[in-house]
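Residue numbers (the numbering used here), protein chains in the order written: chain V, 140 to 490; chain U, 140 to 490; chain R, 140 to 490.
Note that these hints are calculated values from the structure, not bench results.
Please note that the accuracy of each hint is not assured.
Stated by the list, open to error - Examples of chain V residues toward chain R, derived with CB under 8 angstroms:
1. Asp170
2. Leu171
3. Tyr234
4. Pro236
5. Pro263
6. Gln395
7. Ala461
8. Leu463
9. Arg470
10. Leu476
As the list claims (entries may be wrong) - Straight line, CA to CA, 27 angstroms or less: simulated DSS-like cross-link-like pairs of lysine-lysine:
11. R:Lys488 <-> U:Lys337
12. R:Lys438 <-> V:Lys477
13. U:Lys477 <-> R:Lys144
14. V:Lys186 <-> R:Lys488
15. R:Lys144 <-> U:Lys488
The beta carbon of each residue, even a glycine, is placed where N, CA and C say it ideally should be.
As a plain string of letters, each chain reads:
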Amino acid sequence: MSQSKTAGDLATLVKGRLVGDASVPIEGIADLENAGEREIAYVDNEKFFAIAEQSTASCLLVAATALSSVAFRAPAIIEVANPKLAFSLIAQVLYPPVQREPGIHPTAVVAESAQIGSSAFVGPHACVGEYARVGTNTRIESGAVIGANVEVGNECVIHPNVVLYDGVSVGNRVILHAAVCIGADGFGYVRNNMGYHKFPQIGTVVIEDDVEVGAHTCIDRAALGRTRIGRGTKLDNMVHVGHNCDIGERVVIAAQTGISGSVVIEDDAVIGGQVGFGDHTRVQKGAVIGSKAGILPGKIVRPGVWWGIPIQPLDEYKRMNAHLGRLGQMREEIKQLKQELVELRERLKEK
Amino acid sequence: MSQSKTAGDLATLVKGRLVGDASVPIEGIADLENAGEREIAYVDNEKFFAIAEQSTASCLLVAATALSSVAFRAPAIIEVANPKLAFSLIAQVLYPPVQREPGIHPTAVVAESAQIGSSAFVGPHACVGEYARVGTNTRIESGAVIGANVEVGNECVIHPNVVLYDGVSVGNRVILHAAVCIGADGFGYVRNNMGYHKFPQIGTVVIEDDVEVGAHTCIDRAALGRTRIGRGTKLDNMVHVGHNCDIGERVVIAAQTGISGSVVIEDDAVIGGQVGFGDHTRVQKGAVIGSKAGILPGKIVRPGVWWGIPIQPLDEYKRMNAHLGRLGQMREEIKQLKQELVELRERLKEK
Amino acid sequence: MSQSKTAGDLATLVKGRLVGDASVPIEGIADLENAGEREIAYVDNEKFFAIAEQSTASCLLVAATALSSVAFRAPAIIEVANPKLAFSLIAQVLYPPVQREPGIHPTAVVAESAQIGSSAFVGPHACVGEYARVGTNTRIESGAVIGANVEVGNECVIHPNVVLYDGVSVGNRVILHAAVCIGADGFGYVRNNMGYHKFPQIGTVVIEDDVEVGAHTCIDRAALGRTRIGRGTKLDNMVHVGHNCDIGERVVIAAQTGISGSVVIEDDAVIGGQVGFGDHTRVQKGAVIGSKAGILPGKIVRPGVWWGIPIQPLDEYKRMNAHLGRLGQMREEIKQLKQELVELRERLKEK
Numbered sequence: 140m141s142q143s144k145t146a147g148d149l150a151t152l153v154k155g156r157l158v159g160d161a162s163v164p165i166e167g168i169a170d171l172e173n174a175g176e177r178e179i180a181y182v183d184n185e186k187f188f189a190i191a192e193q194s195t196a197s198c199l200l201v202a203a204t205a206l207s208s209v210a211f212r213a214p215a216i217i218e219v220a221n222p223k224l225a226f227s228l229i230a231q232v233l234y235p236p237v238q239r240e241p242g243i244h245p246t247a248v249v250a251e252s253a254q255i256g257s258s259a260f261v262g263p264h265a266c267v268g269e270y271a272r273v274g275t276n277t278r279i280e281s282g283a284v285i286g287a288n289v290e291v292g293n294e295c296v297i298h299p300n301v302v303l304y305d306g307v308s309v310g311n312r313v314i315l316h317a318a319v320c321i322g323a324d325g326f327g328y329v330r331n332n333m334g335y336h337k338f339p340q341i342g343t344v345v346i347e348d349d350v351e352v353g354a355h356t357c358i359d360r361a362a363l364g365r366t367r368i369g370r371g372t373k374l375d376n377m378v379h380v381g382h383n384c385d386i387g388e389r390v391v392i393a394a395q396t397g398i399s400g401s402v403v404i405e406d407d408a409v410i411g412g413q414v415g416f417g418d419h420t421r422v423q424k425g426a427v428i429g430s431k432a433g434i435l436p437g438k439i440v441r442p443g444v445w446w447g448i449p450i451q452p453l454d455e456y457k458r459m460n461a462h463l464g465r466l467g468q469m470r471e472e473i474k475q476l477k478q479e480l481v482e483l484r485e486r487l488k489e490k
Numbered sequence: 140m141s142q143s144k145t146a147g148d149l150a151t152l153v154k155g156r157l158v159g160d161a162s163v164p165i166e167g168i169a170d171l172e173n174a175g176e177r178e179i180a181y182v183d184n185e186k187f188f189a190i191a192e193q194s195t196a197s198c199l200l201v202a203a204t205a206l207s208s209v210a211f212r213a214p215a216i217i218e219v220a221n222p223k224l225a226f227s228l229i230a231q232v233l234y235p236p237v238q239r240e241p242g243i244h245p246t247a248v249v250a251e252s253a254q255i256g257s258s259a260f261v262g263p264h265a266c267v268g269e270y271a272r273v274g275t276n277t278r279i280e281s282g283a284v285i286g287a288n289v290e291v292g293n294e295c296v297i298h299p300n301v302v303l304y305d306g307v308s309v310g311n312r313v314i315l316h317a318a319v320c321i322g323a324d325g326f327g328y329v330r331n332n333m334g335y336h337k338f339p340q341i342g343t344v345v346i347e348d349d350v351e352v353g354a355h356t357c358i359d360r361a362a363l364g365r366t367r368i369g370r371g372t373k374l375d376n377m378v379h380v381g382h383n384c385d386i387g388e389r390v391v392i393a394a395q396t397g398i399s400g401s402v403v404i405e406d407d408a409v410i411g412g413q414v415g416f417g418d419h420t421r422v423q424k425g426a427v428i429g430s431k432a433g434i435l436p437g438k439i440v441r442p443g444v445w446w447g448i449p450i451q452p453l454d455e456y457k458r459m460n461a462h463l464g465r466l467g468q469m470r471e472e473i474k475q476l477k478q479e480l481v482e483l484r485e486r487l488k489e490k
Numbered sequence: 140m141s142q143s144k145t146a147g148d149l150a151t152l153v154k155g156r157l158v159g160d161a162s163v164p165i166e167g168i169a170d171l172e173n174a175g176e177r178e179i180a181y182v183d184n185e186k187f188f189a190i191a192e193q194s195t196a197s198c199l200l201v202a203a204t205a206l207s208s209v210a211f212r213a214p215a216i217i218e219v220a221n222p223k224l225a226f227s228l229i230a231q232v233l234y235p236p237v238q239r240e241p242g243i244h245p246t247a248v249v250a251e252s253a254q255i256g257s258s259a260f261v262g263p264h265a266c267v268g269e270y271a272r273v274g275t276n277t278r279i280e281s282g283a284v285i286g287a288n289v290e291v292g293n294e295c296v297i298h299p300n301v302v303l304y305d306g307v308s309v310g311n312r313v314i315l316h317a318a319v320c321i322g323a324d325g326f327g328y329v330r331n332n333m334g335y336h337k338f339p340q341i342g343t344v345v346i347e348d349d350v351e352v353g354a355h356t357c358i359d360r361a362a363l364g365r366t367r368i369g370r371g372t373k374l375d376n377m378v379h380v381g382h383n384c385d386i387g388e389r390v391v392i393a394a395q396t397g398i399s400g401s402v403v404i405e406d407d408a409v410i411g412g413q414v415g416f417g418d419h420t421r422v423q424k425g426a427v428i429g430s431k432a433g434i435l436p437g438k439i440v441r442p443g444v445w446w447g448i449p450i451q452p453l454d455e456y457k458r459m460n461a462h463l464g465r466l467g468q469m470r471e472e473i474k475q476l477k478q479e480l481v482e483l484r485e486r487l488k489e490k
C-alpha cells in the first residue's frame, strides 16, 4: 500500500533542512511512540522531547527548537516550521489515494446524456442521471446515486452509497464520505386546518472546491435559491445542514451538529460537535462555538469563544458554572443571615 | 422543468380573486425580493409591504389587507386568505414532481412473488423482496431495498438507498427521503453475567398516509407489536424513533431528535430539533417542545410550551435563566449583607 | 415465520421446571397483556402478578416467587431464574433468523481475489472488494459494500447498504444494521494560513465478536493505529465513534451519542443517548452516564452514575437542580434581608 522514499526525498518535498543520513529509506508513517525502522514520525511539542529522544524511528520531523535541545537517536532529522503539517504532506506521498482503473463499471447505470470526464471511474451499481456531468479523475464509488443535472468537478471522491439529488453542484477535489446525502428537500410546511402542506423545495445546493464531508452528513437543498458550503470547509459525520444555509470558506464543523434553515456561518468559524443552531442565526468570522452549545433563532454570534445552552461568552459561562457550584453554600449563607438578623433584632429589643 | 400558466389559471387554482391582467404568463416561483418577469411571489406579512410595492414580479399572492394598503407595480395580483399556502399549491403545479417512465428497470431485482402496481417505477439496482406489494404510481428510486412482505401504498416516493426491513407497512402518498431506514431492530437486551442477550424484536412498523420522512431518519420496529407514525406527520432528517413508539397524526419533529422506546406523542404535537425523549414518556396533544430539550423517562408532557433539560414550562425556563444571569450579583449581595451585619453588631456592642 | 414447539420442549431449552401440561403447543411469543392461545409470555415483576393471573397465554415464564403467590390460568408454567432472559432465548428458537439460500447473487460484484466462506450469502448488488474475506454462514445483504482487504467473520449479518471501507476487520456473530459505516476517515486536519490540510487517516477499525451496531452508526478509522469496538458491545442507531477510540467489552451506548477522537470507554460501561464526549476522555469500568450528558475533553469518568453538562455525580446533579428551582425564592430572601437590615439600622439610629 505504501511507497518508499529516502529521508532526503522527503526533506525536499516539505522544503525542510535534513540533518543526518539523507539516504535512510522511509516507507511509512507512525506516531512518535510506535515509529520504528523505515518509519517517520513528528514532534510538535516540548512535552514529547523525552519520548523523541528515545525514538527508534528512522526519521523525525521537528521544529528548530527541538533540534537544538534534543539528542536524537534517529539517523535522519528533518527540520521544518510546522512538523505536523509536513507529516501530513509526507503521508499523502507515502500513502497515495486508492487509484481505480478509469472507466465505467459494466453494472453502473449511466444516462446517455450524462458526460463522464476522462480518467473518471464510475463503480459497480452506481447511477448517473440525465445530463449529469462528472469531471476528470473523479471516482464515483459503488452504489452512489448521482441525480439528473448534477455537476461533479474534477478529482473528487464520491464514496459508496452517497446520494446527490437532481441538480446539485459539487466543485473540484471534493470528498464525500459514505452515504452523504446532498439536496434532499428542506423541512418546510404550511399549516392549515387540514394539516401540513409542503412548502416548495425547488432550490439547489452548491458545494465549493476542496470541501470534505463526513459520512452520513445531510445537506438539504434550498426552498428557493441555494444552500452553500464554501471552499475548503470541512464537515464531520452526521452533520445536518438545513435549507438555504450559507456556510463560508474554511469553516470546520464537528460531528452531529444540526443547523436549521437559513443560517449563515461566515468564513473560518470553528464549530464543535452536537451544537444546535436555531434558524436565521448568523455566526461571524472568527467565532468559535463549543460542543453541545445551543443558539437561539436569529442570534448573531460575534467573534470570540462561545459555550452553553443558550450560548454565552466562554468566560461568562465558566463564571456561571462556578456560581452554580456554590448554590448550596449560598443558600446556607442566606439561612445564616436570617438567623443572625433574628438574633440582632432580639438584642436590639433588650436594649 | 417548470410549466407555464396564466395568472388567471393560478387564481382559479387557489380559489383567489384576480386583480389586474389575467393573461400574464407565469412560469416560475421566487421569493419576493428576487421575483421578476413570469414569476409569482407571495406577501404574507406587513413587514414586506415596502418590498412588495417595488416588486417586479409578474404576479403576487396577497391577503385582503395588503390589497387595500399597497400600490403594487405587479400587473396581476391574486387575493387569497393564506398567500403562503396558495404559493405552495401553485408551486406543485408549476414544478410537478419528477415523472418516471413506469416500469421495472432491468437492473432491479424483484421477487417473483412481489406485486408491483400499475404505473409504478422500480429504479436501477432497487430490490423488492418476496411477497412485497408496491402500489400504483409509486416510485422506488435507485438502490432502495424493499424487504419481504413489505407493503408500500400508492403514489409514494421512495428515494435512493432507502431500506425497508421485512414486514413493514407504508401508506399512500408517503415520501421517504434518501437512506431512510424503517424496521431495524430496536435496542433491547437482557443482561446476565455472560453479557447482553438480544431481546426479541419481532414487531413491525406502520407508516400511515401522507407522512414525509427526512433523509437518514431511522424508525425501529417494535419488540412485540408495532411502532407507528400517524397520518400526515412530518419528520426531518436524522430523527431516531425507537421501538414501540406511537407518534400521532400531524406531528412535526425537527432534525436529530431522538425518541427512546415506547414513547407516545399525541396528535398535533410540535417538537424541535435535537430533543431527547426518555422511554415511556407521553407528549399530550397541544404540547410544543423547544429544540435541545430533554425529557426524563416516564414524564407526561401536558399541553403548552416546554423548554430546557429537563423540560419545564417556557415561562419558568425564562425566569430561571434570568435568575442565572444574576447569580454573580446575588453572591455580591450576600457578601454585602454579611459585612453590614458585622458592622451592625459592632455598633450594637458600642451602645 | 414462527416454528412450533411444546411447553415441555421450551422448558428443556431454558433449563426451567415445567408445571402443568408439557404438551401444550407454543408457536409464538407475546407480551403479557396480549398473549393468547399457543403463545408464551413472561412475568418478571410483582407489579404484573394481577395481569398474569388473568392471562390467557398457553404458557408463562415465571420466577419461583411468582409460582408460589399466583393462581395462574395458563395451562403450562415454566419456572426459571430469569424469565425475561428465558423469553429471549425461546424467541430465538420460535423465530429463527431469516435464512438465505447460500451463494452469491448474480448481480453481486465480488472480486476474484476475495474469499467467500461456505454457506455464506452475498445479496443483490452487494460488492466485495479485492482480497476481502467473508466467513462461513455470513449474510451480506443487498447493496452492502465490502471494501478491499476487509475481513468479516462467521455467522455475521451485514444488513443492506452497509459500507465497510478498505481494510477494516469484523469478528464473528456481528450484526451491522442498515447503512452502518465503518472505516470512514477520521476528522483530523492541520491548519495553516492556506486553510485545512488532511491529517493522515491510514489506521483501521476492529470490531470484535458478538457486537451489534444500530442502523446508520458511523465508526471512523484511526488516524494511525486502530479504532476498536470490544466483544459483546452494543451500539444503538446513529452513534458516532471518532478515530482512535477504544470501546471495551459489553459496553452499551444508546442512540445519537457522539464520541470524539481517542476516547477510551472501559468494559461494562453504560452510556445513554445523545451523550457527547470530548476527545481523550476515559470512562472507567462501572461508570454509567445519563442521556444528553456532556463530558469535557480529557476528563476521567470514575465508576458511579453521572449526569449533566458538564457531567457531575447524579446526586450532586439532583441537588443542583433542587437549588435551581429555588433561585427565585433565594432572590426574594436576599431582598427581604436587605430591607430588614435597613430597618434595623434605622432603629439603631433612634436609640
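Against the structure, the hints come out as follows:
1. Because the beta carbon of aspartate 170 (chain V) sits about 5 angstroms from the nearest beta carbon in chain R, less than 8 angstroms, this interface hint is met.
2. This hint is violated: leucine 171 (chain V) has a C-beta 10 angstroms from the nearest C-beta of chain R, more than the 8 angstroms allowed.
3. At its closest, the beta carbon of tyrosine 234 (chain V) sits 5 angstroms from a beta carbon of chain R; the interface hint therefore holds under the 8 angstroms criterion.
4. Taking 8 angstroms as the C-beta contact cut-off toward chain R, the hint placing proline 236 (chain V) at the interface is violated, the least distance being around 10 angstroms.
5. Because the beta carbon of proline 263 (chain V) sits about 4 angstroms from the nearest beta carbon in chain R, less than 8 angstroms, this interface hint is met.
6. Hint on glutamine 395 (chain V) holds. Least Cβ distance to chain R is approximately 4 angstroms, under the 8 angstroms limit.
7. Restraint check, alanine 461 (chain V) versus chain R: the minimum CB separation of about 12 angstroms is more than 8 angstroms; hint violated.
8. The closest approach between the C-beta of leucine 463 (chain V) and any C-beta of chain R is roughly 6 angstroms, which is under the 8 angstroms cut-off, so the hint is satisfied.
9. Look at arginine 470 (chain V): its Cβ gets to within about 6 angstroms of chain R, closer than 8 angstroms, so that hint holds up.
10. Residue-level restraint check for leucine 476 (chain V) holds (minimum Cβ-Cβ distance to chain R is 5 angstroms; threshold 8 angstroms).
11. Restraint check: the Cα-Cα separation between lysine 488 (chain R) and lysine 337 (chain U) comes to about 78 angstroms, which exceeds 27 angstroms; the hinted pair is violated.
12. Distance restraint check for lysine 438 (chain R) and lysine 477 (chain V): the Cα-Cα separation of roughly 40 angstroms exceeds the 27 angstroms cut-off, and the hinted pair is therefore not satisfied.
13. Only pairs whose Cα atoms come within 27 angstroms are accepted, and lysine 477 (chain U) paired with lysine 144 (chain R) is rejected, the gap being roughly 78 angstroms.
14. Restraint check for lysine 186 (chain V) and lysine 488 (chain R): the C-alpha separation of about 65 angstroms exceeds 27 angstroms, so the hint is violated.
15. Our distance criterion of 27 angstroms between C-alpha atoms is broken by lysine 144 (chain R) and lysine 488 (chain U), whose separation comes to about 91 angstroms.
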